[in-house]
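> Starting from the known structure of chain A, fit chain B onto it as the hints suggest.
In order, the protein sequence lines correspond to chains A and B.
Counting from 1, one number per residue, gives the positions in the first sequence under the numbering used here.
Counting from 1001, one number per residue, gives the positions in the second sequence under the numbering used here.
Certain hints may be false.
Below, computed lysine to any residue pairings styled on SDA-like, alpha-carbon distance capped at 25 Å [stated by the list, open to error]:
{"hint": "1", "chain 1": "A", "residue 1": "Lys37", "chain 2": "B", "residue 2": "Leu1066"}
{"hint": "2", "chain 1": "A", "residue 1": "Lys194", "chain 2": "B", "residue 2": "Lys1057"}
{"hint": "3", "chain 1": "A", "residue 1": "Lys153", "chain 2": "B", "residue 2": "Asn1069"}
{"hint": "4", "chain 1": "B", "residue 1": "Lys1057", "chain 2": "A", "residue 2": "Asp45"}
{"hint": "5", "chain 1": "B", "residue 1": "Lys1060", "chain 2": "A", "residue 2": "Glu72"}
{"hint": "6", "chain 1": "A", "residue 1": "Lys24", "chain 2": "A", "residue 2": "Asn231"}
{"hint": "7", "chain 1": "A", "residue 1": "Lys115", "chain 2": "A", "residue 2": "Tyr149"}
{"hint": "8", "chain 1": "A", "residue 1": "Lys37", "chain 2": "A", "residue 2": "Phe20"}
{"hint": "9", "chain 1": "B", "residue 1": "Lys1053", "chain 2": "B", "residue 2": "His1078"}
{"hint": "10", "chain 1": "A", "residue 1": "Lys215", "chain 2": "A", "residue 2": "Ser176"}
{"hint": "11", "chain 1": "A", "residue 1": "Lys215", "chain 2": "A", "residue 2": "Leu27"}
{"hint": "12", "chain 1": "A", "residue 1": "Lys195", "chain 2": "A", "residue 2": "Asp45"}
{"hint": "13", "chain 1": "A", "residue 1": "Lys160", "chain 2": "A", "residue 2": "Asp38"}
{"hint": "14", "chain 1": "B", "residue 1": "Lys1065", "chain 2": "A", "residue 2": "Asp38"}
{"hint": "15", "chain 1": "B", "residue 1": "Lys1009", "chain 2": "A", "residue 2": "Thr154"}
{"hint": "16", "chain 1": "A", "residue 1": "Lys111", "chain 2": "B", "residue 2": "Ala1021"}
Cβ-Cβ distance ranges computed for the label pairs, FRET-style [as the list claims (entries may be wrong)]:
{"hint": "17", "chain 1": "B", "residue 1": "Gly1019", "chain 2": "A", "residue 2": "Glu72", "range": "33 to 43 Å"}
{"hint": "18", "chain 1": "B", "residue 1": "Val1082", "chain 2": "A", "residue 2": "Glu178", "range": "48 to 58 Å"}
{"hint": "19", "chain 1": "A", "residue 1": "Thr216", "chain 2": "B", "residue 2": "Gly1030", "range": "21 to 31 Å"}
{"hint": "20", "chain 1": "A", "residue 1": "Lys37", "chain 2": "B", "residue 2": "Ala1026", "range": "38 to 48 Å"}
{"hint": "21", "chain 1": "B", "residue 1": "Ala1021", "chain 2": "A", "residue 2": "Ile185", "range": "17 to 27 Å"}
These are computed hints drawn from the structure, not numbers from a lab.
Only a predicted model underlies this, so the values are computations on that prediction, with no experimental measurement involved.
For each residue, glycine too, the CB sits at the ideal point set by N, CA and C.
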Amino acid sequence: MKPKFGIVTFPGSNCDYDAFYAVKKVLNYDAQFLWHKDDGFDNLDVIILPGGFSYGDYLRTGAIARFSPIMEKVLNFAENGGIVLGICNGFQILLESGLLPGTMQVNESLKFVCKDIYLKVENNDTPFTRAIKSDTIKIPVKHGEGNYYTDTKTVAELEKNDQIVFRYSSKTGKVSKEHNPNGSISNIAGIINKKQNVMGMMPHPENACDPVLRKTDGQYIFKSIVESLLN
Amino acid sequence: MYKATVIVKRRPTILDPQGKAAEQGAKLLGFDNVLNTRIGKYIEFNIDTDDEKAAEKEVKEYSEKLLSNPIMEDFEFHLDKVE
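Bound-form chain B, shown alone:
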């Protein structure tokens, strides 16, 4: 079995209102050096196969079809073998 970790990020050119709001909060708290806050998604799940290639394919398709929106988001993932 593999554990998959997927990170979904907004494309750098796309406005991120949540990141902007968090950064305004950071300034209020006095974190003056905080810049370019971007908020994305962290998703983890298991893939019930021992075939790494098959696991990779499934994670990629799941990420493309559902977990991310290709119009405004990119994703990256990695797999860890688990018992």
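If we strip away everything but chain A, and leave its shape as in the complex, we get:
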């Protein structure tokens, strides 16, 4: 069995080709694009909601994409245990759709942030992280609204259930305000649902896959997914 990825293109997605390139050309997995108006898909093992500015970020990030025809199928797919990865705008869409708790606000600095950052891997026992052997990974962020917010009760719950997968940190894994690029509560960079089949993350693993970029930690995410599906 060769796992197959489906990458959803919404109007305004701009990292769909990056995700396709990473999965298909760099890692040599099967992948296909899905259009937001498609009302179904078959024989796919993983759905990626890519980064970008779906519907121009109108109203709120991800708010309108969440009602695209394909999202109903994605919700069903997730409900039946299918693997769904939301990256950046894809994460925002997962929040709006209620698959993951919380919401995104404008970065505390009010500035768009675009740089390589380190993530402390808080949980490497998930289908998205099991191939990660180090404490931290280096992956770029590029967003204006990545300031994750939820109430303190939900944060405590996420912590208790090991649902916080990544936190912004130093290279050695020190989690502090200094290493928080956007003001996210509790330095949260990525979370997973309780069933561990839906993950959202602000950093872009697809932009840290091709060795020509001299950073390849993003590969771990896709390799973990495939490893999980094959076992």
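Only chain B this time, still in chain A's reference frame:
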């Protein structure tokens, strides 16, 4: 037909970076008395029915489902009868 006006506001406990930035601008302009700037959304649209109850229900659902995010925003609305 009714004209609906919806105002979406961030909850008072939620940080409003845009409001904060606008207020910094206000201070630079010398508006020293400006306090607690909060930026929200003003949305208007028509509802094509003469049944006020039905119009109310639709505006409420639209506001809850799409126009506001219940995690961090509240909304209020009013309806005006139009010809």
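> For every hint, state whether the structure bears it out.
For each hint, the structure was consulted:
1. At most 25 Å may separate the alpha-carbon atoms for a hinted pair to count; A/Lys37 and B/Leu1066 meet this at roughly 19 Å.
2. In summary, the hint linking A/Lys194 to B/Lys1057 is not supported, as the alpha carbons are separated by about 34 Å, beyond the 25 Å threshold.
3. At roughly 18 Å between alpha-carbon atoms, A/Lys153 and B/Asn1069 fall within 25 Å of each other, so this suggested pair holds.
4. Proposed proximity of B/Lys1057 and A/Asp45 is contradicted: the alpha carbons are some 40 Å apart, above 25 Å.
5. Using a Cα cut-off of 25 Å, the hinted pair B/Lys1060 and A/Glu72 holds, with the two alpha carbons roughly 22 Å apart.
6. For the hint linking A/Lys24 to A/Asn231, the alpha-carbon distance of about 21 Å falls within 25 Å, and the restraint holds.
7. Taking the CA atoms of A/Lys115 and A/Tyr149, the gap is near 21 Å; set against the 25 Å cutoff, the hint holds.
8. Simply put, A/Lys37 and A/Phe20 have alpha-carbon atoms about 19 Å apart, close enough for the 25 Å limit, and the pair holds.
9. A threshold of 25 Å between alpha carbons decides the hint, and for B/Lys1053 with B/His1078 the separation of about 12 Å falls inside it, so the pair holds.
10. For a cut-off of 25 Å, the pair hint linking A/Lys215 to A/Ser176 stands: about 23 Å separates their Cα positions.
11. A C-alpha spacing of about 14 Å is found between A/Lys215 and A/Leu27, which places the hinted pair at or below 25 Å, so the restraint holds.
12. As the CA atoms of A/Lys195 and A/Asp45 are separated by approximately 16 Å, the hinted pair is consistent with the 25 Å bound.
13. Of the pairs offered as hints, the one joining A/Lys160 and A/Asp38 is violated, with about 38 Å between alpha carbons and a cut-off of 25 Å exceeded.
14. Distance restraint check for B/Lys1065 and A/Asp38: the Cα-Cα separation of roughly 22 Å lies within the 25 Å cut-off, and the hinted pair is therefore satisfied.
15. For a cut-off of 25 Å, the pair hint linking B/Lys1009 to A/Thr154 stands: about 22 Å separates their Cα positions.
16. Between A/Lys111 and B/Ala1021, the direct Cα distance comes to roughly 11 Å. Compliance with the 25 Å bound is thereby established for this hinted pair.
17. For B/Gly1019 paired with A/Glu72, a C-beta distance near 35 Å keeps the hint of 33 to 43 Å intact.
18. Here the CB-CB span from B/Val1082 to A/Glu178 is close to 55 Å, well matched to the stated 48 to 58 Å.
19. Separation of A/Thr216 from B/Gly1030 is about 53 Å and departs from the stated range, judged on CB atoms against 21 to 31 Å.
20. Between A/Lys37 and B/Ala1026 the beta carbons are some 44 Å apart, a value that agrees with the proposed interval 38 to 48 Å.
21. Our hint of 17 to 27 Å for B/Ala1021 and A/Ile185 holds, since their Cβ atoms are close to 20 Å apart.
Hint compliance for this structure: hints 2, 4, 13, 19 are not met, and every other hint is.
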